[in-house]
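Peer 1: Chains as they are written, first to last, in the numbering used here: chain A, 1 to 514; chain B, 1 to 514.
Honestly, the hints are just simulated from the structure, not real lab data. Small disclaimer: the values here were computed from a predicted structure and weren't measured. Incorrect hints may have been included.
The calculated lysine-lysine pairs, modelled on DSBU-like cross-linking and capped at a C-alpha distance of 35 Å, are [as the list claims (entries may be wrong)]: (1) 404/B / 283/B; (2) 326/A / 227/A; (3) 326/B / 261/B; (4) 124/B / 326/B; (5) 124/A / 124/B; (6) 283/A / 404/A; (7) 64/A / 283/A; (8) 326/B / 64/A; (9) 326/B / 446/A.
FRET-style restraints, in silico, Cβ to Cβ [as the list claims (entries may be wrong)]: (10) 336/B / 332/A: 52 to 60 Å; (11) 503/B / 15/A: 39 to 47 Å; (12) 281/B / 181/A: 44 to 52 Å; (13) 108/B / 506/A: 36 to 44 Å; (14) 167/A / 453/B: 13 to 21 Å; (15) 281/B / 12/A: 19 to 27 Å; (16) 336/B / 487/A: 35 to 43 Å.
Don't be surprised by glycine CBs; every beta carbon is placed ideally from N, CA and C.
2 protein chains.
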Amino acid sequence: MNGAESLIRTLVGADVTACFANPGTSEIHLVRALDHIPEMRCVLGLFEGVVTGAADGYARMAGKPACTLLHLGPGLGNGLANLHNASRAQVPIVNIVGQHASHHLRYETPLTSDVEGLARLYSKWVRTSANASSVGSDIADAVVAARTAPGQISTLIVPADVAWSENGSIAAFPPLSRPAMPSTQAIQQAISMLRSGLPTAILLSGDGLYGTGLATAGRIAATAGAKLFAPYPVTRLERGAGLPAVERVAYVLEQGIDQFKEFRQLILVGAEVPRAYFAYPGKDTCFLPPECRIHTLATASEDRLSGLVAVAEAFSSQKANTSTRKPERPELPHGEITLPGLAAVVGALLPEHVIVIDESMTSGRGMMAATKGAPQHDWLGNTGGSIGIALPLAVGAAVACPDKRVLCLTADGSGMYTLQALWTMAREGLNVTTVVFANNDYAVLKREFSYLGVGSPGERARDMFEIGRPDLDWVQLAKGMGVPGLRVNSLERFANALREGFRGQGPKMIEVPL
Amino acid sequence: MNGAESLIRTLVGADVTACFANPGTSEIHLVRALDHIPEMRCVLGLFEGVVTGAADGYARMAGKPACTLLHLGPGLGNGLANLHNASRAQVPIVNIVGQHASHHLRYETPLTSDVEGLARLYSKWVRTSANASSVGSDIADAVVAARTAPGQISTLIVPADVAWSENGSIAAFPPLSRPAMPSTQAIQQAISMLRSGLPTAILLSGDGLYGTGLATAGRIAATAGAKLFAPYPVTRLERGAGLPAVERVAYVLEQGIDQFKEFRQLILVGAEVPRAYFAYPGKDTCFLPPECRIHTLATASEDRLSGLVAVAEAFSSQKANTSTRKPERPELPHGEITLPGLAAVVGALLPEHVIVIDESMTSGRGMMAATKGAPQHDWLGNTGGSIGIALPLAVGAAVACPDKRVLCLTADGSGMYTLQALWTMAREGLNVTTVVFANNDYAVLKREFSYLGVGSPGERARDMFEIGRPDLDWVQLAKGMGVPGLRVNSLERFANALREGFRGQGPKMIEVPL
């Protein structure tokens, strides 16, 4: 068996069974191996930002890594922005990047580049395979690294001759080790803070925001009278009727400060101190009042879940108030398109178990309030601030969860970075309903321009912020990639289109002109 | 004046007058400065690969750098693949990349990344500005670095507080220094080789392929009986009736070996030894016969032009044969679409002074033969092998040369990486006619699959190489971005569409189904 085959078979043995790919000549032997190993699902992206963003979406929902297959340095380069987002999402991803044959590399042919240098920017683990007999154990190590808490990006660089040479062997995948427990001191400290009676916020991340982790955090919050928060850059938040109430931290500085002004204590469970993305002249960026005491119950690489369970046990004798979300939906609104109206339509119609991808930027800021009491669903955000992840995330989430529906909320500006993902949705027949909020603006930048106090944008600045002239026609763009789409000009039509999206088979695109 | 204004005004003073941009919050003060400095033309790209590829195309035709304006690490990341190509093109580019305010950087907010690490991958010069009073001289240094022979990428990273703080000052731009002359020995050696009577090839790059350099090389070739070659990854080649004949090195290994088999001597003028892009098991990748002697007249960073002139003077007393291309065009063909037919239509109709961008991949391999005797034109290729540069290059070339027409030949696979460039063509009203060869394949990969001797692609491998199912509809994609387009199903219709493209105003897209 050649190196390529040993690599793919080792991955399958390690339960990595989805490969998002955009291969080239140096990866041909890997493609040939994939040809014969049907246990690995291969999904083609027509641009590498789709590939890496899809691997992120897959990992968020599957709770295990997919692999990517990328062509040399430039292929990895095109995938970097969404690897930036994935590194902030703290999800596991295993990148496989081809490289020239070892004896060819010295010639500085046109496609030669510093693949290791590129890989190191966002990977916690990087290795170049030395030969066919070791590539199997190399990829097993890559999977172990990716699955190290809280989830990391690992990149294995595979020279073409390593892939095509014989003497490959399948490596066994070792049992996963649990992450380290938080210290007893950290747990005790959290318990005593929660018993103090001071207004306390708990900011969660990772598996603290879904499943058992969320349920446990909910019990703690209910009995101790604390309030649960999720970071604005949220990887995955389970929410809706019957689940503990979790408030997402705001993006805007003043709103964030307002959210935390009542709190005197903050307990971090794998999360960072909440802060504005950007600095502004003469302003502090921290959302917390100066007198708020900060305590880390668990770091991101520690066992958040066990930490929460240990804290919850201290309160187990107390009767928990039921502070889960009540089922409630906005009334289905009618008439002209407005942002609150659009949010209300989504809140009124969202079915159970939908995965909502949210990169709706300024247009979707009312979405979470309108859906808080909707049937249970998952909410996936942009974690690294590099726009252009919604459509790829939707691809990956839909591949991970074929039985669920995906609602992808994107702005027109962010959507354009990786619009090629629509084609993958069509090819794979994914049940994704994409809503494009088309305001013809990088609206967030206009807002920031004013916010920075530099006056109103002039004609030339507006040219940099407005993406109309010509207006993008998303219906044509989607159809050009095989995704049926329509433009809606009333809330009724939006509601109808959404219903149809949730009911039909395959992808659908709804453009909402604003 | 704040740092941002001093930066832009220094650029304008250094004759950098085009800015390809995709800014974000951390670059707001630079956008504000651009708002008030109309000498700098600003061109928005909806994806950063468009921005960097356009800067490359601009530099190739303007012979001077444009600047880019990119948003933090992810913005630069999205631009890397076309910076890879630009680094191989050896063109000058000045990247301006925003960074968080210095005091904000330590907080590891979501958009924090290693911008310097990203920049170093393809930039020969990288600096982070320390304060507003030095950013003017920093950007002047960046321009000097970019214009260092043969042309380099330089990247200045500008923290937001450097841009917004006062005490900026405009820096003077020093006179450009000539690159070093090749050594007398190198020149004498070249002369004696050319006098030897042995079959001799001259492989040129950079300014050896247009203008005075090409004319001088042509005189040398004619008098010494040598043959001129351009690398397959060609930055800019001036060609057509009345110009010296230059043969482009082939992409395919066997074809390249065939081109050079008769030669016993190769003189390199800023170029590298011709070689296959990729290695294949058991095959040598060099195009030259083993007995061929290789001599470097000038390295890429030396003064190619003066080297050629010095060599030409040694032959000045001899009468030059006229070996320039005769005017000749194929007859305008009719009937069904075929690859030779498409090439003949382009050869028959190409007007004078057109800039041809060629990333037509497997579909366009007959284009150069069919256009060799057409009226004079420029030919710009993909220099780094990272596909997805044609549309951005066309944007940049058209901005650099508003009086010329651009013919952009792209494959469907390569076009999809950076299709957002069509929108910029529409917004700027650029006279670009884009031809998309739509074979629904990564055809080069299918060819490589067979070439590597691993049999025929199976169903799953074909899924990775075929980009149909669903077929892309380029007419819809172009219209979605404001570019009128049509699909042609005969050579007559292709000819009509091409004529209209060369005559009309603004961009046009022609899809050719294959």
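Peer 1: Hint numbers the structure violates, sorted upward?
Peer 2: Violated: hints 1, 4, 6, 7, 8, 9 and 11.
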